[in-house]
Amino acid sequence: VLVDPILMARYGEEYTSSPVEIYPPRKIDVGRMPIPAAVILSHEHSDHFHLPSLDLLDRRVPIIVGPTMIDRVVRCIERLGFEVHRLEYGTDHRFGSVMITLYPAGEETVLWESRVSQIYVRDADDPEIGGFYLCVDALLSDQFLAGIEAGSVPAPCAIAVSNNSQITPAGVFGSLDNLAAPDGRDGGTRSHGLDILDGILRGTAALNPRLAHCHYMICGGGFLKDYEEMGPFPLSEQADLAAAAKKLTLGIDVTGPEPGEVLEVDPDGFHTLGRLSWLETDRDRYRSLIARRERFMASGASIPMRQVVQPRADDQYLFEVIERELIYLGRAVSLAPLGRELIAAAIESGDASRTFVVKLLAESGDRTYAYDLRTSRFDRTSDLATADAIVTYPFGIVGHASDLAAVLDGDLQIWDIAGVGLRSWYRGPVLSSPVALMYDAFGEQIRADLACRAYDLQLAHIENVAKSAAEVELA
Amino acid sequence: MRELVYIGQQSWLVRYGSANILVDPVLGETFGSSENLRFRIVPSRSVDIQRMPRVDAVVLTNEHIGHLDFPSLNGLPQEVPVLVPSLTPTVAIDAIRATGRDVVLMNHDSPCEVGGAKVTMYYGRPDVPVWEARTMSCLISASEKGGIFFQSDTAVRPNQAQLCQPDVFVATHNAQIAPVDRLTMFDNMLPLPPATPAEMTGLHMLNSVVNTSSAMFDSVRWTVLSGKGYVQEPDRFGTYLWSDFEQLAETANLISLGTRDRSATGPVRPIRAELCRGPGLRRLGSPHRALSGYQRQR
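Quick mapping for you: the protein sequence lines, in order, are chains R and B.
In terms of this note's numbering, the first sequence opens at residue 1 and continues consecutively.
In terms of this note's numbering, the second sequence opens at residue 1001 and continues consecutively.
Errors might be hidden in some of the hints.
Listed next, with one range per pair, are the computed distances between beta-carbon atoms [claimed, not checked]: (1) 1001(B) with 288(R): 39 to 45 Å; (2) 344(R) with 1247(B): 41 to 47 Å; (3) 1176(B) with 142(R): 55 to 61 Å; (4) 1129(B) with 142(R): 30 to 36 Å; (5) 1176(B) with 268(R): 24 to 30 Å; (6) 1018(B) with 288(R): 25 to 31 Å.
Because the hints were derived from the structure by calculation, they are not lab data.
Every residue, glycine too, gets a C-beta built ideally from N, C-alpha and C.
Bound-form chain B, shown alone (with noise of 0.2 Å):
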């Protein structure tokens, strides 16, 4: 049995067998360093941490503020160990450690037992932005193949293929497309014409966070949207351009193709490349259950 929970932001809870897991949890409404700047979670909903169930461990892909939310791990009973990338700073690792929980540094490559799952952990292609360089993707399967794979903040490796072979991708979406007329921080306060046409962005967008990384892999089935679940406090302009997941995991489906099912042994099958967001993710292969712990409301 295996079943993947959407909490929020890029918050995750994943079931698989008898192991529950939770990744980058933040669990709070809002999250941030500072209480004039909060970032809120959208679509908004609440976590009754007291009716979650029992956790065998947090997996943190990197340290920024978006995925280490203290608050969240202070929730959380104290004998859930952490793992964390083996090259996160040291700041936040002592951090960690300071709330009484275990740390366990995971090397590339180098997969954990955690509740009879296996947790495996990959850093990224090297020429990521530096500050994402610390970041790790992660794995969660129960043997040599399959598996759900959590992209993260980081580009995948061009040979991560030869490492593992995932079903289910989960996607990372952190573009953030202001409106025309307002500037966010990588633009350019010079009237140069963009690379991509601020007219064509979301399209470039999306078939890049669907068809860059998540076909790499052979394996993979499905396809899941993830990411940049916030905005700012006190509000800047709202909701980013093209972030409603649902839709464009409903558009991407509309102009999609069956992949190949190369696992079953008859004829090639064609199966529908299903891109889609928490709620839907009852194609896992097992019947759904929906956490009573979780409630989304919209």
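Bound conformation, chain R alone (with noise of 0.2 Å):
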């Protein structure tokens, strides 16, 4: 059974141009990789959801997804002529020798991450004996640890978790990272490592005590992103981490798995049987990457914001996009943990027009909009140096009016422009930011509308390249 496959180096190539490497990098024959039972597909995030990949699998492949996958991704996947089951979560449904359990995201993932489906994984001919649970972007499901609880499924004997910290060194604006806290976040010496071992093992473990003799899997954060002077980002070696992980656990097992490598977990933990003959880690560009990101922080450079896309159209269209789209996002902010900042924030000064600007860097000259809490609209304003606009306004977004315009059309996803293209300054936690706030508005869960754009320029891709060998062989 495969699970959200992404077969080729890179995603995105259909409808960027600078699409997303997976890592660490492989080289991946698919020509011989056996015919898989199933593909699973967790939820519908570009790095799980890849219609090239699935368009080089053979179409009698059942397609399965959760409940919550959103419609537009199963017709897209028809379109490719593959049988699409949705599966109920908690129902056992055997493919080939493996029992597949689909459970929901737990109940305090992130909205963006909440329409993800969680894998449990067993032995279809035992399926008494607990398998491997993959949480995939989300917390563990707490539908499933009633499950264990009531004795209706056994405890996992391991338990993937993702490690998605994306954590950037210093001279590099992370995703979620603060415009007016010093250096872009708050905090001083830390070991993100431990942060991060922290909240997903002992955070996971803690949920119940039979999870606590669990082994573990870290993964995840499997590619780079478009911090092309950096590389990957520190920490997404999840070798590195579980090795650390050893030498403060007790009696379990934690494996950073790498690609190509065949595990099996019994009670004593992990072993590895062996690797795929036709999978394997690109070591010369696995090493060229940790090369430059060494280069890169022993250097001190730092990585100036950028435009991602070159404008499409003139800057008036790309303004009549953003105004438009700044209407429902007027909307959205007054609903999200970012309102009611907001509210504080004019409690605090008394000003209910200068809580929260957006500003937007443009060839024809630059413009600012205000948020109004009293009309829950943003205004155009004044223009504003953006280092004036972090003084007068506690919150704020900066970003190339090309990049905003190119998301809200459906070319481009939040994600690819956030921290590269597009930064916030706020107060209060990372979940009220900006950032947070446009990842819940323009992300798949809300807007499946954008999200589909980039589906069809994939799918146009692929029916392109057949065409086009068609015509070859035509000819």
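Hints in hand, dock the two standalone chains.
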């Protein structure tokens, strides 16, 4: 059974000039891959759902999704000629020798990951024995925990948790960093790795005493964002984190598997059975990417904010798109945790029109839009330099008009520009930040209409390639 | 010039400029109130007090036996003053004065000059356990910014960073984590699951020690692990789990990232967040010079 297959070196080539590279880099010979009994898609985010990868598979392979997968994804897959099956949560299904049971994400999961279906994998011939549980990008399912507590499902032998922390070094502005904080974030010397491990391992094990004895796989974070100069995120080598975790835990095994490694898990821990012949780490590329990061960090260089895409149209069109969507964003702000922070800020300052600002950079001149709490609207105001805007408004966003318009037009996704081409400043917790609001408001779970355009571009790309191949054959 | 020398347990010699200051000196091989129950310093070491440099002052962060050790105080010249928290129990103050020493009562955030260095002590968070509520943290510095901050056995107040900007933070790890089948002081005899699963105690402990207090200070460049450097005699079960500080520091460094050096006027320069203990402290900016009065035996 294949889960969330990305079978190419990169994804996103069909719709952006800066596609995302999978990390660690791999060499994959899909032609030698065995035909899977099924493909399971946990959710629709672009690092999990990739139509060009699915296009490489035999059309007889059933594609499995959970109840919360958005309809448009299902239709896109069906258009490729696959049969898609929606499984109910908590029901057992056999695919070849594997028993699959899907569960909803934990209730405290952030909104933009709340559609994730988690996957419990067991031996179909022996389902009473605990298998391994894939949390994917979400917190462990409350429904799964209730099942363990009630004895209706065996506790897992191993749990895969995700380290998607995207830690950035000094000089690199992370997606959720804060322009108003010194160096982009609060706090002094921290061991980010300890924070990560404590969160994903102890945070999961503490949910239920039966989970404390499980072994843990650290996965996730498996791509390079568009920080070309830096290369991979620090602390995204899961094997290093697992090695540290093993020194700080008792009686359990922790592993950070590498591409192509074949693992078996039993009550004693993980055992490497071998390596796949059709999938392996691209070691030269891996070494060179790590060396690039080391050089970058030693140099003390920083990465300035940049324009992710060149504008498809003139500035007037871009601002028309943006101003149309700012009406939606204004309403979303008032419903989000950010809205409460803005009310608190207005009470403190006594000014309801100076709480949140959007500053957009453009060839024809920058524009600034201020949010008015009394109308829940953004109004254009006299343009401010970013430094002045940060002093004047407690919350704000700055980015290139072309990038934001590309997101609002569906040419890019919000994840593509956050940090790299769009930055925010805020007070209070990170989940009340303007970028977190944008993840919620423009992610696939709310704006499937925008996400669909990326899917359409992938489908168009696949169909164009097929058409060209047919024409070549005909010629 | 400044130098930080680890003596053992929570004892340190700080050399700041021309000042030599001892913090919580326990200089013998063991300490304790009774001959029938001693606490042996680990890793074991010997201290030759005669060859130790002149001491300008002793700082005691609290009056507990791992910090106030009369045999150690008595080994020092009588004219060395002892700085103690203002809320130190009178019985302890009287006992120190009875040895013929001056006792200086230190108020919260009220510095004292010692041989050209500045010693400032701070009370911790009011919600620490009552038996540690009189404990003070201590900052030894030369100017308004920088300095070495000894957390001692208390929790740092949330607003502490407004009062001082240390660049070295000596964090306390006093967790007494026994093997799973042994009960220690706070373990529950009832078979109830603990809030932190036993499997994850080490991870939780190290994250708390490294990321709770020192992370409050943007100024901190180095975190140094200190604390719980003894075993009980007669022996109960040897050393506690996760009490090898060098291994803990090595593990934390493996998964730590550079911090930010805001003192530099040029571009932001990442430096590695170092967590280290005694002998590794030659990163403090001046050449490390081992004091001949201290020998460490492993």
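Would you say the C-beta atoms of residue 1176(B) and residue 142(R) sit inside 55 to 61 Å of each other?
-> At roughly 34 Å between Cβ atoms, residue 142(R) and residue 1176(B) fall outside 55 to 61 Å, so the hint is violated.
Measuring from beta carbon to beta carbon, are residue 1176(B) and residue 268(R) in 24 to 30 Å?
-> holds, 29 Å
Honestly, do residue 1018(B) and residue 288(R) meet the 25 to 31 Å range at C-beta?
-> For residue 288(R) against residue 1018(B), whose Cβ atoms are near 51 Å apart, the range 25 to 31 Å is violated.
May I ask you to test the hint 41 to 47 Å on the CB atoms belonging to residue 344(R) and residue 1247(B)?
-> holds, 45 Å
With respect to the beta-carbon atoms only, verify the hint that residue 1129(B) and residue 142(R) lie 30 to 36 Å apart.
-> holds, 34 Å
Hint check for residue 288(R) and residue 1001(B) - Cβ pair distance inside 39 to 45 Å | holds, 43 Å
Checked against the numbered hints given earlier, this structure breaks hints 3, 6; the rest are met.
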